[in-house]
Amino acid sequence: MHGRPRKAPKPEDEAASSAKAQKLRALQTQFFTFHHNKIYTKEAVELSAKLLEINPESYTAWNYRKLAVEHYLNLPDCNPDSIKSVLDDELRVVENALRQNFKSYGAWHHRKWVLSKGHSSIDNELRLLDKFQKADSRNFHAWNYRRYVAESMKRSEQDELKYAEDMIYTNFSNYSAWHNRSVLLSALFEKKAGGFLLKEKVLPEEYEFIHQAIFTDPDDQSGWFYHLWLLDQTVTTDSPLLASSWPGHGSDVLLVGDRCYNGSAFSPFSALHSDSGSFPIVLYFNQPVGGVNSSTVTVECGFNKNEDLFWKPLSASNSQTAQVWVAHLKVPSSDLHSTVEVSVGHSKGIISTRGFVYSHPSMFSFKVHVQPMERDSSQVSVAENISLREENFKVYGTQSEESIIDSFDQLIIKNGHETTASNWRFEALAKEIECFRELLSLVDCKIGKLTLARLLKAYDAMSYPFANKLVHSEEVLELYSDLMKLDPTHYQFYKDEHSIVLLQKVTSSKESLLQHCFQYKDSASSAICDPICLRLNNLSLSRMGAFEKLLWVQMLDLSHNELQSIEGLEAMQLLSCLSLRNNKLRSLTTLEPLRKLKSLRILDISYNQIGDQSIDTTRYVCSSPLSHSVGSELNRDETVTSDVALINNWEAFFIFKDFNLNQLDIVGNTIADEKFKSVLVKIMPKLKQLDGKLLD
Amino acid sequence: MDDIPPYPPIDPTTFDLIVIGTGLPESIIAAAASTASKSVLHLDPNPFYGSHFSSLPLADLPSFLSSHSTSPSPPRSPSSDDPNEFSLLEFATRPLYSSIDISTFSPNLDQHSRKFNLDVAGPRVLFCADKSIELLLRTGTNQYMEFKSVDATFVGDNKGNLWSVPDSRAAIFKDKSLGLVEKNKLMRFFKLVQGHLAGEQDVKISEEDLQSPFVDFLNKMGLPPKIKSFILYAIAMADYDQEDTGVCRDLLKTKDGIDQLALYNASIGRFQNASGAFLYPIYGQGELSQAFCRRAAVKGCLYVLRMPVTALLVDKDTGCYKGVRLASGQDIFSQKLILDPTFKVTLPLGSSPPLPLKEKLPFFSLKDDKGKIARGICITKTSLKPDISNFLVVYPPRSLFPEQVTSIRLLQIASNLAVCLPGMFVLYISALCNDDDQGKKLIHAVMNTLLTVPLDSESNAAVQSETAEIGSAVQDETSESSSGGPSDSGEEKPTLLWSALYSQELTLGQVDFICSTPMPDGKLNYNDLIDTTFKIFQEIYPEEEFFPETSLENPEVDGDASPET
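Those protein sequences? They're chains A and B, same order as listed.
Following the UniProt record's numbering, the numbering of the first sequence begins with 1 at its first residue and continues without gaps.
Following the UniProt record's numbering, the numbering of the second sequence begins with 1 at its first residue and continues without gaps.
Simulated from the structure, these hints should not be mistaken for lab results.
In this text, a Cβ means the ideal position worked out from N, Cα and C, and glycines have one as well.
Check the hints yourself; a few may be wrong.
DMTMM-like, lysine to aspartate or glutamate: derived pairs with alpha carbons at most 20 angstroms apart [what the hints assert, rightly or not]: (1) B:K176 / A:E474; (2) A:K162 / B:D528; (3) B:K131 / B:D528; (4) B:K185 / A:D444; (5) B:K220 / B:D256; (6) A:K495 / A:E511; (7) B:K204 / B:D256; (8) B:K185 / A:D219; (9) B:K174 / A:E70; (10) A:K117 / A:E70; (11) B:K174 / A:E478; (12) A:K134 / B:D151; (13) B:K185 / A:E70; (14) A:K7 / A:E43; (15) B:K176 / A:E70; (16) B:K220 / B:E208; (17) B:K174 / A:E208.
Estimated spans, in silico, between C-beta atoms of each pair [what the hints assert, rightly or not]: (18) B:F401 / A:A193: 19 to 27 angstroms; (19) A:P11 / B:A266: 54 to 62 angstroms; (20) A:P5 / B:C320: 53 to 61 angstroms; (21) B:A266 / A:T170: 12 to 20 angstroms; (22) A:D487 / B:F401: 27 to 35 angstroms; (23) B:K176 / A:A467: 53 to 61 angstroms.
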């Protein structure tokens, strides 16, 4: 069925197909007459069968037949025999249609529908399936239907597993069979069926099995997909875990009304300027979860009632699941020194998107110190002008290092729960790494390199809490660099992976992180203290990552990279100053994550490619088409519809209307003409400075 | 054979071609000549079709073998002075089989003699993509036959283990004995060969490599010894030890090795319901000759069985061939004659042949191939391997004992191919050898490794004594299992019910004004025999096409050729 050359139609074929079309048209006209008049006589039903045998894609005819079946089943003289004969007829029509085209969605669906009426036998269906799966062993319609039949007729997973295995032995180049194997094993794991109780017993055998396929023919991709699933099963812990939080456990948060307090006693990771009378608590989980609320997460403090806290998911989608959750804790305007205790998951309710319950309750606490406002904020803010230029940075002073070293470990949460139970995961990964090093010594194989990179990355991630460093990051970076050269078609993918690994490496140790921490010191500024800026510029990053270690960052320099997207940046809730200068952002919608950053005041998106392309393709590559929210709330906004300029720039309106910016740089983008700038000023009345020019 | 039933005289008495013997080459030539509108008379002294390619009932096999094992009787009184214008040259039979050794351990097998169809020239199979299949399809002869798939190939060792041969991608994947690196190397080698055959530019094998010995090329590819042995002996079917140039009479070149691989590869999966690379005809290999005879008969060939020929009629003056004298006394004339390798022409004692004949005489005796082939037929009640009934086993050189210089092949065929009583299995074993003793040793080595030979038969003593000469490993194995102890595999070895061991002469085809067809060769399939047959046909009818394309009678041949499941 696969890899067959397509032949150009011969003249006689064309003649035949036009004759067929003629016949089909006549049939169809007749059929629609019956359908519209709800005629379900024997002749009428037979006509639809004839139509479907020629054209199984005619879904209207399938629906008509469903109505006809309902009609017959509701007749007063209906008895078991007549039901059987009606349903048998349907099964026969479906079979004939499938013979015509065994990839017809309508036909397979109709068969499911007939089966739901409680007819036919599992033997019968399996016989039919065997026939179709022999004719085309990869036909995913048949495999889908097979799963449906097996499930609805209670065929054991073990039997199905055996069947899939036989199919794999016949020809292991079979995506559908491998996929079915993964589905069946997942079901068995979930059921904790005998022999499938322990993943640590089953997965090594599966690895052994898939190695046979991968080593036999590394060019065949179906096996690699299954390997990827196995790797996922090995690496991912079932129940979600809290990976990091802000504030970190044991940290001191200093809140000043206006600007940060220059006290060496306080870590730069936890001092915060707040002008809204609140500060965020950020929970960063290792996988997307739902059900985070004031009953599953309790915050004990002297100045805020737990019930008042509203936890918000931070994700691009509108769904109620996210990897990052935030709540804002209101603080009194008077002096305060208080301890806050946050307990996560002591009552059940946090559930991962894969359906696993958060089962390792954890607790962290921190101290809050509030200093009330000393001056009139408006006066200072106007004069403020932050410019992330080279001369304004200086290496983060050694005098402060102590505090950073102390607080670095607070950045992530070390989960001890899984360590003893996951020895087998280490062993499995180590074995895989060895195995794929061997494969690569035999053949030069792109997907082998990619898999080795993934394995090493997973191994590092797993051992990080113990080793406190990423042992293989250099090798992983090299592999991805190699892949970029070897496989230019997927350059961007490798580049993204490379970026993330690089970021993980940078954030993996105090020393490396310190190299990127700078003190901002603007000679013209009247600032009392020098804020810490994380500078990740000139790293040729195409993606951002390692957010779990960067929740504390308030000032971030990502200039001179190759960022096309800033997905995930919404996790950095403390961000107040961000430079994306000289990147490859192509549209305003790529800025969507920034809408969730309530503290963002200063943004530099100059010298990007916004407006280069008239069609915004990023809108179509968002994680899920349904999740995309751009425009959904637009129509409800009356201010827009009244203003022509805003309608023409509705994307700009959508992105910027929620911003609280003081300062924006947008020069060097195609979109940024004078007219557009005037629109921006209109959208953001609070904006004080645009492209370095003070606004009135 | 002496009782010749009275036959009505054959009419007409002149033909374009007379063919004597119904072996496969003779039958193909008869069919080809008939198709080319020649008048053909096809004679066989035997009451059955197939001659040395036949499949015979259990009781008939020993008598057929022994009838061809004796030296020719001295010619009767000189008869060269026939009153007419011909000289008579008497036919004699050549001894083709020797060291015939029949052992029966189950006395009642004879009662069911006709339930057996034992191949005289086994083991033999058809590769799904080889010349015999092409010929069957092209001539429509496949409509007279049915085939089944030989399901697997194994390589045996001296411990009685049978290792499956990873001969395809699926088989490599499934194989339990190969390591991951070995799997990768083997599959890459197959891909290289496939790429080379498909003419892909970047995977071309250099001309220098193609001309070098195949075994050197395999070494160059870094294939481990186990895989090398699989490729050389179980896929490329090399006969002689390729790594010992001292004993190797037929060193395989890379080019030929790759052709063999291509044939094997094209054979796997050619027919949907044939899982392996080989086919075997239901009712035995003798069916092939018979099918071509039917094909010839449809085209007008005249058949007379049970009709020995006694003498050759030669023109007195020119020494040219004129015809043959039948045992019935009738003289039949033809322009051309094809002779079964059984026959040779003897000169009357004391007389010198006519002058022109003298020059031709040296060619009358068939060219003997170097060496012989030892064959063995064993009947058992259980399969050598559970759950699989029809399969091939190859014992590469040196796999059974150090002095083994040729590979030994064994084919197990079950009763579902209608060759034996239900529930029984026929094992065909063969190996090339220099002489009868060496041949026996080879066949016995396999039998002792795989079978339990009952002790209560007298002929068994011979088998047991042979064992002593063979490597001690084999000896140990035999004594262990015969003393009732469990064998290595933990399974009882099948018990031998009946066996026939014999050595067969290897003769090549001969092309002269009288042409002789070859004896069954030592190969596993018919490729070389069909090549020779084609050459003989071309020689006698250079202007005729060998089964022209138009003779295709059944357009849906492909469907018909697929074996039953």
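Problem set entry | Hints that the structure is at odds with (numbers, increasing) | 1, 2, 6, 9, 11, 13, 14, 15, 18, 19, 22 and 23
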